[in-house]
Structures are given as structure tokens and as C-alpha cells.
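A.B. asks: Single-letter residue listing:
2 protein chains.
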Amino acid sequence: MSDSEQEQELGITEQKEYSPGKWYAEVVQKAGLADYAPMGGFIVVRPRGYALWERLQANLDGWFKETGVDNAYFPMMIPESYLERESDIVEGFDPEVAWVTHGGHEELEERLAIRPTSESIITPYMAQWTRSHRDLPLRLNQWCSVVRWEATDTKPFFRTKEFLWQEGHTAHRTEDEAWEETMTRLDQYHRLYEDVLAMPGMKGRKPEHDKFPGGDTTTTVEALMPDGKSLQAGTSHYLGTGFAEAYDLTYRDEDENEKVAHTTSWGLSWRALGGLIMTHSDDQGLVLPPTVAPEQVVVVPIWQEDTREEVLDYCEELYAELEDAGVRTVLDDRDERNPGFKFNEWELKGTPVRIEVGPNEVADGEATLVHRPDGENVVADREGIVESVEDALDTVYAKLYAAAEEILEENVREAHGRSEILGTIGQHGGYVKTGWCGDEACEAEIKEQISAEIVMLPLDEEQEPVHDTCGVCDDPAEETAYFAKNY
Amino acid sequence: MSDSEQEQELGITEQKEYSPGKWYAEVVQKAGLADYAPMGGFIVVRPRGYALWERLQANLDGWFKETGVDNAYFPMMIPESYLERESDIVEGFDPEVAWVTHGGHEELEERLAIRPTSESIITPYMAQWTRSHRDLPLRLNQWCSVVRWEATDTKPFFRTKEFLWQEGHTAHRTEDEAWEETMTRLDQYHRLYEDVLAMPGMKGRKPEHDKFPGGDTTTTVEALMPDGKSLQAGTSHYLGTGFAEAYDLTYRDEDENEKVAHTTSWGLSWRALGGLIMTHSDDQGLVLPPTVAPEQVVVVPIWQEDTREEVLDYCEELYAELEDAGVRTVLDDRDERNPGFKFNEWELKGTPVRIEVGPNEVADGEATLVHRPDGENVVADREGIVESVEDALDTVYAKLYAAAEEILEENVREAHGRSEILGTIGQHGGYVKTGWCGDEACEAEIKEQISAEIVMLPLDEEQEPVHDTCGVCDDPAEETAYFAKNY
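Chains Y and B, in that order, give the protein sequences. Residue 1 is where the first sequence starts when you use the numbering used here, and the numbers rise one by one after that. Residue 1 is where the second sequence starts when you use the numbering used here, and the numbers rise one by one after that.
Check each hint, because a few of them may be wrong.
Okay, derived cross-link-like pairs now, DSS-like style, lysine-lysine, Cα gap no bigger than 25 angstroms in a straight line [claimed, not checked]:
| no. | chain 1 | residue 1 | chain 2 | residue 2 |
| --- | --- | --- | --- | --- |
| 1 | Y | LYS447 | Y | LYS399 |
| 2 | B | LYS65 | Y | LYS65 |
| 3 | B | LYS65 | Y | LYS30 |
Hints are computed from structural coordinates only; laboratory data are not their basis. The structure presented is a predicted model; accordingly, all values stated were derived computationally and were not measured.
Using the sequences provided together with the hints, build the complete structure.
C.D. replies: See below:
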């Protein structure tokens, strides 16, 4: 294939602003992140997509381990009778469960659920392993895939029947300790967005009617997507004692009394990658923060026949020096592609910094650093190039974060009264803060009209509501609600 | 619970020599590695077991990446029609497949297999991603769980319906390149056993009738277990062009002709952990090489009331110095347990080196290092303790390897003639080398009588057979066969 044919095939044809859904699907496929599986609702994660997941994992897993969490692995199948022991969870997940009914040529006596989440198989084991207060806290996590049979259009990383995630499960002596745990994990999720994915996240609580089935309180990190919808980007649940009671998770306390443990669970899925891709990318393709980019820097030599050798030598030394310094670098010295083609391809792939080296750079002992996504050029001295590149990477991260933060700040608006709420969300998307009486019916009314719902309440329940009365029914407001359309 | 009650509960009651099966199950459970799941054939991997898997993974994954392999993730479910496209694979795995037939409350139009292995879903995608010779070699790997519905007794890590593994899948231009790949992976598996798990492994080929369904040649690493059986410890398959043909994996070569690729696949599962546990452990519990032990060193202070403070201070400094040096160390300063209890508990857990510190050690500026499993004592100067501990860890590794190697060397025997083969395996277990005519019927005869089979043929097909005639039928021998009972 010629450069121009290949370029056409690789180019992003959809525009983020006008057809965000098609644009997203195109970026995911053309940047080599994922493909659609033959069965609706499933995807194939390609190496460049999986590499993002591995970097996310490495960060989060490290923080978990530093804070007392051990990894474990529980069966992917859960007997139906186990699911049924906690009535809320079976009601909450039953319509979405994939069932294994046959093993080989035999029908199973009891059908087995592919785990939609693992409280119902993990909690009974935590119960077995817990005898005295000395066994607590007990903190387990597993990285695995789960299946939820939702009948929706496939959207890679955002909406898939099978998805990769981590699910943490902990048990504690007291409500206070379990609450602290819940917040520790929420803070780690928030940190992942802030410090690794260059995305500002908002921490909050879900309303009662939208919490984890059978749990006490669900906390959430919400991230605003460029299409104006909120992404539930990670949830941490204080489960109270309900699961512990259902699965006999008790412990002998110092006072010799048998007490019921307080449990938490918390999960973050590859949906975080969906948010990452959608937030930063543009009409040229993927944009990645240097923290997770498989290649942080691409060196592109620009030469004519008579300058080929000196330019390539210069580039090879540059490449070696950057690699030695721990910068993930690639030298694109392919003969069969011209520099323009290479620029486009690495832009499509989201490489944060491009280094251009031509005969002029060689002669002057310099290198031109180009930032993705804004194309800003910086000419740097060859001497001290590592530092310049590291600065450029930090700058790219800061730019990405600042852009996302600006969008978030512009898109949290106050509104009061049905028509103002509907109009604001309808016109701008984003979040609308309003007073809320606490009645689900008020949310239902908004939801019915524009599919926006309460995605978040402030974490601090004592905080004064933004308005004295409910933005929908005008009864006294109990708290502030954040309405938004969501994923 | 008192020390003595707890000790009794923790102690290993079975003996490795006389009831290896029960002893193994007891070690696995009491050392906190795994528990049985409610459904037969499934296990729960506890943190201390999963930590072993993580260290194994880190090693192997690193070597894969250094040699051009990218991780990816494919769906856990495979449509029945995909499985059927390669007739050998469907015949090979059909009796062992778990089927998903319902999603939520709906019956599926086409039932979905939980992957027993993923050639049939991965190869079609490799085909999509491969156009020209420039796209090859293509090397993918995934870490995942697979399910094979075999109706056997559960033996944690050895025989489970669901197991964790990695499966690598690659495509190449030529047979030579694919063969080289097959051997690269086999060598990496061998290296894992030799350099990480302290187990000598033997490399070989499987006989035709025991190769991967649909493949060309299956190579294997076999490890001898202390009960005299051989463990198939990792397999690497040269698949020829059969899978590529079935799933249209072709490429345009430099000469512009469309050619069929040659593929390989290779897998290693948590069965490696089973081999590790069974090989080294003893009647006191788990024995681990320092390479994979969650804690490499435990420091146990031994004090009376009047020496408590000085001993603990000394231990804390020792602990800090070892941790700083990157030695995974735990200081067992629990007040509620006596030193003898602690010794037993850390022996059960397989910690390679115990450091005992009492008032004498403090006074003399020393520390006593005790090796697991042979209890060898070394008194080391406090000065230079890091080096002494590192030496001790190396020594423990070397001891474990040497012990396993000695058992292997003693248990490869030559035999010729039905009765000698049967007698040798019956009496000693281990491997019997004999000439083989190449006819499966000769293996079947031995298998029927003592369940021993040909676990391996030499890799080098040109090698002269050990005998001129087949050990079973006396026809001319084509090669050397290694008979053994196996897992």
C-alpha cells in the first residue's frame, strides 16, 4: 500500500464535536486499542489498549499493596444458591447474569453464574478465615473479568458485557474502620484520575435508590466527558453489616463477644480507559498522557540522501540517551515511510512528544520537540536533552489536565426549577447543581424527560444545600444534588 | 485459642512419604495457599498462594516482553461456531467445555463456550491484523483463566476445572521462524523452573497421539514429582499451518504472493505452583525458594522480661537494614506467641531463612540464621548481616535445587522388555527410558497395566535411540521414549 492509501485508511474521518460516538469508535479501532468481538457486547483488547490497562493496574495495585491489600483469586462461577443468600444482590444482578448450564455433554445439577461481582462468593470465605478481632481488618482484591448481560449497544471500554476490573473486598471490626476503608479506596481512585489519567474527578455519594444492591452507602468518582455526560469512574461501597449477616462473617471481639463485621467493596473497571480515550483525544486520533503512553517520545529523522547518515547517527544517539534515562522512546527510522506519514501515524497513536531531527538540528546541536496535542514546538539543545524532554512530558500532562479541568469548571452550573434544570442540561450538558428534597420521584421526573439523573450528592452530608428548596418539587431541600446525563 | 491448641490446628499431620495426596492437600490449606470452592473442581486462591503466582508471572511476563511478546485480552466466551471451524480442536476439547446458554432471563441463540484455550478466537483476529510480511511475526499473550470440565477429584493447582494460565499465540512467515519461537518459549518455561522455582526440568516432545489437537508438534517441560510421577509443567506447540488455514491467517509476502502463516501457541498454568509446593515441602509444611517466598526472612526475637527492650531494639534495627537492602523481611514481634510457636508457624509458611536473636546474640553482636528446610544454623556477625543473609538465601536455593536434581538423576532408568518396564516403574516410579517403535499400541499396553505413558521423547529427533528395538514389542526402535506415570 502506498503512503497516501495507508494514510487515508488510518486517518480519523469523524469529528469529535459533531459525532462523538462514531469518532470514539473510530479512534479506538484505528489507534489499535480494541476491536469488536463476534458476539455483541464483547470486545478484543489489542496490545496498545492492553498496555494502557497494565499501566493503570501497576499504579493502582501498588497503592493497594502499600495500604494493606492482598490479591487473591476466587472462582469465576458462583452457584445460584450462593447468589440467592443475599436477596438484594440477587435482585440487583439476576437480570444481568450469564448462566453456565452444561459442562461437557452433561447438564449441571445447579446452574452457575459467571460472576457479575463477587461479594456472594468472597464473603463466605472471609467468614471462614475470620475468627477473632486479630484477623481483622481483612483486605482482599482480585483483578479479573466479570460479565453483566446488559442488552445495549457495544461501546468499547464503556459498555461491554464482559469487562476487566478489580474488585476489593474488606472486613472490619467497626463502622468507623469500614468507613475509613471506603474513603481510602475512593481517594485512590480519585488519585488515579488526577495523577495518572490527567482527568479531574469529583468525589460524591450516590442517592439511596442508586446504591450498590444490599449495601449501605455507595461513594463514587464522577468524571465529565467532553460530550457533556458524567462517567461513573469508580465506586467504593460501605456495605454495613448486611453482607456479613447474610454470609455469617462474625468475629470474637476482645470482650469475648461474637460480633458481626462491617464490610466494604470497591471496584474500578476498564471503563477508566474509555474515559481516558474520550477525554483527551482529538480529530487526529488518540491523545495520551505520558504516564500511560506506551511510547512517550518518538524520534523522527528527516533526511535527504546526502544527509541520511549524519541524521540517523544523531538520532540513534539521542534515542539511546533517552532510553537510558528511562524515557520510553521509539526511533522511527523506517525507510519506506516519509516523515509526514510518520507524524500522522504517531499522532494517531497518541505519542505525547515527537522529536524532529533534520540536518539543521544536527548542525546546530539541537532537536525540535513537538507536543501532542497542541503542536507546540520547542527547540532544545542536544546538550541536556533528557531534562528538556522530561519537562516537555510534564508540560503535556499539565496541558491535558488543565484542558479537562477547564471544561469541568465551565460545566457545573446551578439551576432551580424544572424548566431551568431541563434547559440547562439540554443546552449545555454537564452538571446541574440544585436543591433536592430526597425523593426519588423528583429525580424520576427529570430522568423521564431528558435521561438525566442524580449522579452524585456531596460527600459531606452536613453541608448546607445549595438551595433551600428542591429544584424539582419546591419542598424543603435536604441536600444538593448533581444532575447529569451519564454513561 | 492457646498456643498449643493453635499449634495442633496448624501442624501438618500427614506424612509426605506415606500419604502424599493427603499431605499435599493439608499443606496447601494450612499454609494458607488455597481452599476448596463450593463446586467440585474449583478452588479459591488465598493471598499467600496468589503471591506465588504474582512472582511467577512477573518473571515470565518480563521475559516475554523482552522477546517481543505483547499482552492482549480476548473474550472469555467463544461462539460454538468458532470452535467448530478447526475440527481437531472441537473434537479435542468438546467433551470438556462449559457452556453458557442463558444471558439474564433469555436463552441465547448460539451457545457460548467458556474458553478452554483460545486459538479459535485469537487466530481469526490475528488473521484480520495480518496483511503483509511486515506485520509478522505477530506475538500475543494473555494472562487469564480457562475452564476445562474434567470430571476428576479436585487437587488444588494440579487438577481444577478452572485454572489461571498464560496462553501465547504467534504467527510467522516460515516454519523455521515458528520453530524458533516454539523453542524460545519452551526454553523460557525451562528457565522458570530452573532459575525461579528451583526445579530441574526436562525438555522433550510429546508423541504424535498426545500432541495439541490440530497442531503439528507439542514440546514439553516435564518435572519429576517426589511421588515418582511426571508433571507436564508447560507446553509449547508448533501448530504448522493448520490453524492458519482454518482461520484464514495469510500474508502477502515480499514476492507479492499470498502465503499461509505458521503459528505457535504455548501455555503455562498455576499447575507450576502445584509442582513447586509438592517438590520442596516437607512434613513441617511449605518450603519455598527465596525467589518466590512472600517473606524471605523472618526475624524472631527471644527475650525474657528483663531483656525485652534490648532484644527488640536490636531486632528492629536488623529488620530495617534488611528491608532497606531489598530483602523481604518480617519481624515477628507478637507478644502473645512464644518463639517455639513462631518457629513452627513460619516453617509451615515456608519462609526460607529464620533469624533468631536472643540476649546472647545482642551481647556478642551476632545473629543466628537458620535455613529452611534442613535447619542448618549459621551464626553471623551483625556487621555485614545483609551479605550473610543474601548468602543464606542463595544457599537455600542451591540446596533445594540440588535435592530435586538428585531425585531426578536417581529416577531416570533404562529398561527393556515389558516386565522390566512395568517392574521398574512399579517399584521406583520415575522415568523409564526405552526404545520405541513409534506405535501407540505399545504405549497403550503399558498404560493399561500401570497407567504409565510416554510423557516425553527427546527433542533431537536425529539422536540414536537408547535401544535398537522397541522395549515393548521388540520391533526396530525409532527413538527413545520416556515412560512415567503422570499428572
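A.B. asks: Which of the stated hints cannot be reconciled with the structure, identified by number in ascending sequence?
C.D. replies: 1
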